[in-house]
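There are 2 protein chains.
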Amino acid sequence: MTRPDVDGLDALDTPFALVDADRLDRNAARLRDHLGSLGVPLRLHVKTAKSVEVARRVHGDGPITVSTLAEAEHFADAGYRDVLYAVGIAPHKLPRVAALLRRGVTLTVLLDTLVQAEAVAEFARTEGLRVPALIEIDCDGHRGGVAPTDPALVPIGRALGANLAGVLTHAGESYFAYTPDALHKAAQHERDVAVEAATALRDAGLTCDVVSVGSTPTAHAATDLAGVTEVRAGNYVFFDLVMAGIGVCSADDLALSVVVTVIGHQRDRNRILTDGGWMATSRDRGTQAQAVDQGYGLVADLHGDLVPGLLMTGASQEHGVLGTRNGEPVPDLPIGTRLRVLPNHACATAAQHDRYEVVSATAPRRTWSRLRGW
Amino acid sequence: MTRPDVDGLDALDTPFALVDADRLDRNAARLRDHLGSLGVPLRLHVKTAKSVEVARRVHGDGPITVSTLAEAEHFADAGYRDVLYAVGIAPHKLPRVAALLRRGVTLTVLLDTLVQAEAVAEFARTEGLRVPALIEIDCDGHRGGVAPTDPALVPIGRALGANLAGVLTHAGESYFAYTPDALHKAAQHERDVAVEAATALRDAGLTCDVVSVGSTPTAHAATDLAGVTEVRAGNYVFFDLVMAGIGVCSADDLALSVVVTVIGHQRDRNRILTDGGWMATSRDRGTQAQAVDQGYGLVADLHGDLVPGLLMTGASQEHGVLGTRNGEPVPDLPIGTRLRVLPNHACATAAQHDRYEVVSATAPRRTWSRLRGW
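Just so you know, the sequences run in chain order A and B. Residue numbers 1 to 374, in UniProt numbering, belong to the letters of the first sequence in order. Residue numbers 1 to 374, in UniProt numbering, belong to the letters of the second sequence in order.
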């Protein structure tokens, strides 16, 4: 692959978020091909990049998942019409949901309690709307959801009435699956639990059109998605060191980095200081619990080639500290040298920035937008 | 103290950042009185709140410290004229510095290498400007700076020529001082090292008008600042659980919190789910290394009264998990209940938000702005 032209990057002030569009395209093609072979459509989760430009590039105007209503509204403004809000609905948020539905957006909500189901049904009745809702199913104890065998499942479905659209599960624990076999089992289990819940609802005479599963690790590891109607994944557009640490990608696939400048040396302490601290990288230390702790991130040169042995070992608000893992001398990088820091967790690092500078081997440098807030 | 009226807060969508202006005022008065008794002026660090409204309220239009040039420009737009950029200067940033100087802002830069000093002097010469610069002095090995005894100190001062304005040190390690005695010693040492460096420069025939010290812990613990010309502190306007953990404040002093809504229960796992995840609180786990690990934060009701035993034990992007420390049952908090999460690290939590909702016992609710970016 020809390397992107990075010349213009020297003119930008640091720190900033950089996207390698060629790596992004490669990551997108890989999952597209995989899900294509399984015959299940993707519902892109836009919470990682929060960028219409990224979503359009990897997914056109296909169905999306959002983590905030601000994302739902922003992507609706950009023309997206099939949006799943995949965080348990707080009843006070329903008026914003209704406003989107009235704009012609199929905005589906998520819930896992009878209280929420009754609030949704009552709101829908009062407003004269159908508020499509998925029941969150717990497949691994990671976060929310009811078990497919939970006696509350069918009553929640009944309380939703015509608003019931289906079930959703998220194998959040797959982020801690460290072997291909464990990843594959997590994917299989996620699928099995979702289908089991859908079957329980159907057996009770309820409609369950949607069977939604997904996480970046399981989306890549799944080999059988019979009964599943859609797969959600988002992190994979950028990937990160956590994903590399569990083997879903390699460090060479990481499409997001933070460009920083060397501002100091502490030769007696074998450290380099940069102008990129936790404000630029986030405080996410997601590799801390992995076999290889990558600190605040691995370090590459401005072209994207890893600087062997160098990692970001510490962070103040606007200072990054670079060091080596085993005390090897840090390389001689003059004041003013620009470097890329590869993030532990792309979702968290991207969230520290309002835009992306974008390079590729085949197009001029450009800037993509990013949304924030709720 | 009369409690702020929080009624209007039920109408706002969650999560959002909340500032208790009465606590803010109390924190501001405490440090103002303390520094007043020591006879040393404050140079407010605006990097915590990044809000002109906060700065004006606690410090009028007095001298400020910034952590980014974006802050310098933003506060200059608001009329601030004495600004210290307290991150080692990257030479490529000097044109933005010059633009501020030409607007009549006394923008002082920081550096700790001969390379930077020569770059500043050369730039100042070429532009026909004086670029006031402080030399960063290392007092505790926390981050950057040269030791006062470092043979490089005087050559750096000489290289700066007429641009040399003085010295600065920051006792960053005071964040890990856990007793009043350790805090006091850190403050005394910070002062001693700064004065020693200033003396070394003066003994070499150089001018050293500014002797700048500070951090929130040492600013409060100092009892003798002879020879110091200014104290920097910023976190104290909000305080946080890290500061409470080292005894600089109490949990009741915390002026910043994140308001979240209960969206689920997992009674079998003794957990409550909220709509405030790490996107709202940040990933900062600053109390992890303290005697009492506060998770992602303590939990209070909407009035600000702590819910005994409850803390935020886990975080996904938009989900918070609440639990108890020792397995006591979580309280019964219905879906829709609003809570405040008190942050580990105010600088990091505030950074996740674009504005503050502000309450006080004596004024109507209002919104204050917050800057981000570089």
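One thing to keep in mind: the hints can contain errors.
Which copy is meant is left open, because identical chains are indistinguishable; a pair holds if it fits in one copy or across any two.
As the list claims (entries may be wrong) - Each computed EDC-like pair below joins lysine to aspartate or glutamate, with the alpha-carbon atoms no more than 20 Å apart:
| no. | residue 1 | residue 2 |
| --- | --- | --- |
| 1 | K93 | E357 |
| 2 | K93 | D252 |
| 3 | K93 | D10 |
| 4 | K93 | D7 |
Quick caveat, the hints were computed from the structure, so don't treat them as lab data.
- [ ] Kindly indicate which numbered hints from before are broken by the structure, ordering the numbers from low to high.
- [x] 2
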